[in-house]
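With chain A fixed as given, assemble chains B, C and D with the ligands onto it according to the hints.
Chains as they are written, first to last, in this note's numbering: chain A, 22 to 153; chain B, 22 to 153; chain C, 113 to 533; chain D, 113 to 533.
Just so you know, the hints here were simulated from the structure itself, not pulled from any lab data. Every residue gets a Cβ at the ideal spot worked out from N, C-alpha and C, and that includes glycine. Among the clues, some could well be false.
Estimated spans, in silico, between C-beta atoms of each pair [to be verified]:
| id | chain 1 | residue 1 | chain 2 | residue 2 | range |
| --- | --- | --- | --- | --- | --- |
| 1 | B | T100 | C | D335 | 42 to 48 Å |
| 2 | B | E103 | C | D418 | 40 to 46 Å |
| 3 | D | S282 | C | R382 | 29 to 35 Å |
| 4 | A | D108 | D | R315 | 51 to 57 Å |
| 5 | B | K105 | C | D279 | 31 to 37 Å |
| 6 | D | R286 | B | K105 | 56 to 62 Å |
| 7 | A | G98 | C | R144 | 38 to 44 Å |
| 8 | C | T496 | A | N36 | 27 to 33 Å |
| 9 | A | T143 | D | R371 | 19 to 25 Å |
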Amino acid sequence: MDDMYRDYILDHYKNPRNFGELEGATHTYHDSNPLCGDEMTMQLKIGDGHVDDVHFTGKGCAISQASASILTEEIKGKTLDEVKAIDRDHVLANLGIPISPARIKCALLGLKALKGAAWGLTAWPGEEVKAK
Amino acid sequence: MDDMYRDYILDHYKNPRNFGELEGATHTYHDSNPLCGDEMTMQLKIGDGHVDDVHFTGKGCAISQASASILTEEIKGKTLDEVKAIDRDHVLANLGIPISPARIKCALLGLKALKGAAWGLTAWPGEEVKAK
Amino acid sequence: MAVTVKTPTVKASPLDVARIRKDFPILAQTVRGKPLVYLDNAATSQKPRQVIDAMSRVLEEHNANIHRGVYEFSERTTAAFEEARAKLARFINAPSEREVIFVRNATEALNLVAYAWGRDNIKRGDRIVTTVLEHHSDFVPWQQLATEVGAEIAVVDIDDDGRLRRDQLSAELRKGAKLLAVTHTSNGLGTVNPVKEIAAEARAAGATVLVDVAQAVPHTPVDVQDLGADFVAFSGHKMLAPPGSGGLWGRAEILENMRPFLYGGDMISRVTVKLTEWNELPWKFEAGTSSYVDAIGLGAAVDYLDDVGVAKIHAHELSLVAYLLPRLQEIPGVTVYGPKDLESRVGVVSFNIEGIHPHDVATIFDREGVCVRAGHHCNQPLMTRLGVAATTRASMYLYNTTGEMDALVSAIHAAKKVFGV
Amino acid sequence: MAVTVKTPTVKASPLDVARIRKDFPILAQTVRGKPLVYLDNAATSQKPRQVIDAMSRVLEEHNANIHRGVYEFSERTTAAFEEARAKLARFINAPSEREVIFVRNATEALNLVAYAWGRDNIKRGDRIVTTVLEHHSDFVPWQQLATEVGAEIAVVDIDDDGRLRRDQLSAELRKGAKLLAVTHTSNGLGTVNPVKEIAAEARAAGATVLVDVAQAVPHTPVDVQDLGADFVAFSGHKMLAPPGSGGLWGRAEILENMRPFLYGGDMISRVTVKLTEWNELPWKFEAGTSSYVDAIGLGAAVDYLDDVGVAKIHAHELSLVAYLLPRLQEIPGVTVYGPKDLESRVGVVSFNIEGIHPHDVATIFDREGVCVRAGHHCNQPLMTRLGVAATTRASMYLYNTTGEMDALVSAIHAAKKVFGV
Ligand SMILES: Cc1ncc(COP(=O)(O)O)c(C=O)c1O
Ligand SMILES: Cc1ncc(COP(=O)(O)O)c(C=O)c1O
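One chain only, chain A, in its complex shape (with noise of 0.2 Å):
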């Protein structure tokens, strides 16, 4: 029936790709979002600059986890700085589907995540609020 929870939606959610602990994470970040309950932890392995490994743990709504998932399969391999510049547009294309304002936060919350850990953030500095 469904625009939104496409079949790789739910496979994702259900059978998350890269998900549990990862062993000898070099960059972790955890992140929420109060407002669902949503948890979210990112963990990578970097070496020479590049992500040898990447895990993710947390629970939470279905686009929430299936954007965390598919962001961790995307960017195995990649360089830190190519992983610095994923921007929303990005993860919202990739996902594939149709996300209301209300939804936004759960979409973006695997990314949130991500940048922490491949800024080595221990907490966030900004906010999202775009400015004018």
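Just chains B, C and D with the ligands, lined up with the frame of chain A:
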């Protein structure tokens, strides 16, 4: 032309009766209406339970001044109990002009000061808002 | 967790819902081509034509700033504003209009009490008793006040049916409490607390009693004198009025002894460079230009509710709950939170579907035209207590129908189909 | 007290007032059989059809509580609300929407700063500099804060023309000040202060600068970045929007470091029994359900003002003042307060008629259909400074006409006739 600013109102305003300090006053009460800046002091000389004399001082709009002036004329010689029994409807009827809600406080300032004096108050106890 | 109500025993609603629905222009709208099924009434209610028109009428016919204008429009608008206050006072049976303060919403009312009463009456070492059922707006102000002054906060738990633990509450009150802050009706579960008994117990223990009636006033008759509270707080937008309107009721003796909250405008009697004197009640607590159009809208909403009858609205909501609950419980994987019977509850039904996050539920519902809330409902301590991150909440009002309950049930099946659960 | 403008040199208004008037349904009303002459715009403005319709449209077409609803109506209403914020931010040239907080009115904005910034930043012995021109809403919060914490307050005087005493102000700032709270435009006299220069001076002296722009934003272009202030406060209802809407702008660095003001609802990110985390700007300062209908009305008002052009509105008002002032000064017994020229002023004209109390003036005006304000205009320190208890104030806006100025002058003659002065 005028319903409200009748000749006798303007006459009381311009030539207030019983205006000025009352020597030998036994009861004095000062009140004001900060909204319009009106000030009013009522002074009574009570002997044997009767109003032997009454004076008022103050400044304000035509309505408050005329209302006070008319009131002082009326109560001379009355008993203290009679003075205490005067109510707002009586004062408004005596004024004999239509008073809009915004001007009610002006019309009743004299009465309020008079009551304060008659009851021997130093500060006004309750408040004028009608209970339900 | 007994289910005491079965489908056949549903009491008929006392309302003529079809007629009522005609008063609400928004209910004729469609969402993505489907009829609107609005079940987010605990978040905010829809507004009848009568309220919308009352607001436009002020702005088109006699708009002027209130209280200080010596001209007819100002007098008419002032009269309409103060008449709305009188209606509201009657509606909650306040002893006097002087005790009814217009605020933006329940949140402002609760914070007003925390700032203007709390800062002078809650001292280091004092105890505030509250409950895990509270909306954040009746919890965080007390938490912050307690932190600021060094007071202690005790949070009374619920049992597994979503009922307040009276034993715990009594124990906490016995330890001594300056304030009991308790919700009348839970926005998360629909539980109605036995506030009258609780208030009596708290006052006997020496506590000031504040009751959050934001979910009560719209749905059940509330009589503040019968309740025995010291303060009650509520929002207009949950009771057919526009956002921007709401009320704080407090006992006159207490309000009179409180410092003001916001300073400026109408709340003032006299200002000198050195000193300021305050206006009388209720205006002492209404600083600046009031939201008089919203307040007049609230007056019109009270008229509407009075016409229909709040007791009937409550009975109507219960008839919907009685219809819905057994149908929900038949669906595999659906967990309903809170009371499963009709005893002391309103038309709020919180649930989860196994394997589907509430946000996904709400998104799929939306495509079916069914508007519900998914999230923590500003009830995070309660969610933690329930052991969930979020729930899906359907909340009803006078214009909802059993047909809409069916639509909700269908939407659940649709969601389960999408997720294959 | 030079009168620099004489009747013949009146500049033509750049506005098509006849067309504008058609947008304001209330202007077609009559008062006691006479056409409405509304000259109480400094108290509140009238509202165009576009604003009234924008409000009804929300309530009839997509009303839902904002920010947390995962369904279309909530998303549409949220979008309209945040779009209104964006419009407002552009209108005052705020660097970011994050810095624009919706409040009920200027009074709430000013108190928000006093509570959430003032209590942490003004300490015993600190100095607050303000002026005798302030509205009570920008004076009493500071007076009360100063009393509470033991700070000192310095009130800068005006000269006999109603202009701020810059020499005094400089002297006070040199003595040291934590805060300068100054009005941009006086609601009592219509004076426009040289706020940009003053703000620069105050900031150089180390003071935080708060500017009350409640009478400025509706009548003159305001650019907060150019102004150089740290906070500005204003009300929607004075700028064609409904009561219940208003704005506080503050620099992000300052807002981020401030504690919240009201607690509950949207301003929260996460609550546990022990601890609460706050939402991001601007929502950190918007507790409970916002007056989103009023805010959306304010967005529509900004659109309207943008369409007409605020600079043109200012020029229009000055053309009315230029027309009125010489006519007033011809009338024996009329005293005009404040600036008598067109330099740095808006369309506010305060005056008295010898021998007639302002309240009697306003009452007689009302019967002529002329609505003006009589009283202290929440400006008691200013009244004391002027040596009067009250004044009569005519204040203009985009829809007023020279014909209405004539009506005002006639009304003065009528009042003089009644009183025989
Ligand atoms: C200069 C100024 N500041 C503040 C205010 C207060 O506005 P509000 O009553 O909308 O809070 C006013 C309104 O009269 C004003 O003119
Ligand atoms: C029980 C309860 N209290 C307080 C509030 C806060 O209401 P408002 O957002 O109108 O301030 C709500 C609204 O959700 C509520 O349900």
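Here is how each hint holds up against the structure:
For the pair T100 (chain B) and D335 (chain C), the beta carbons lie near 44 Å from each other, so the given range of 42 to 48 Å is met. At roughly 43 Å, the beta-carbon separation of E103 (chain B) and D418 (chain C) lies within the given 40 to 46 Å, and the hint holds. At roughly 31 Å, the beta-carbon separation of S282 (chain D) and R382 (chain C) lies within the given 29 to 35 Å, and the hint holds. Evaluation of the 51 to 57 Å hint for D108 (chain A) and R315 (chain D) yields a failure: the beta carbon distance comes to about 37 Å.
A hinted range of 31 to 37 Å is violated for the C-beta pair K105 (chain B) and D279 (chain C), which are about 56 Å apart. The given range of 56 to 62 Å is respected by R286 (chain D) and K105 (chain B), whose C-beta atoms sit roughly 59 Å from each other. Taking 38 to 44 Å as the suggested C-beta distance range, the pair G98 (chain A) and R144 (chain C) conforms, at roughly 41 Å. Range check, T496 (chain C) to N36 (chain A): Cβ separation about 29 Å, and the 27 to 33 Å hint holds.
Distance hint for T143 (chain A) and R371 (chain D): a CB-CB separation of about 23 Å, consistent with the stated range 19 to 25 Å.
Checked against the numbered hints given earlier, this structure breaks hints 4, 5; the rest are met.
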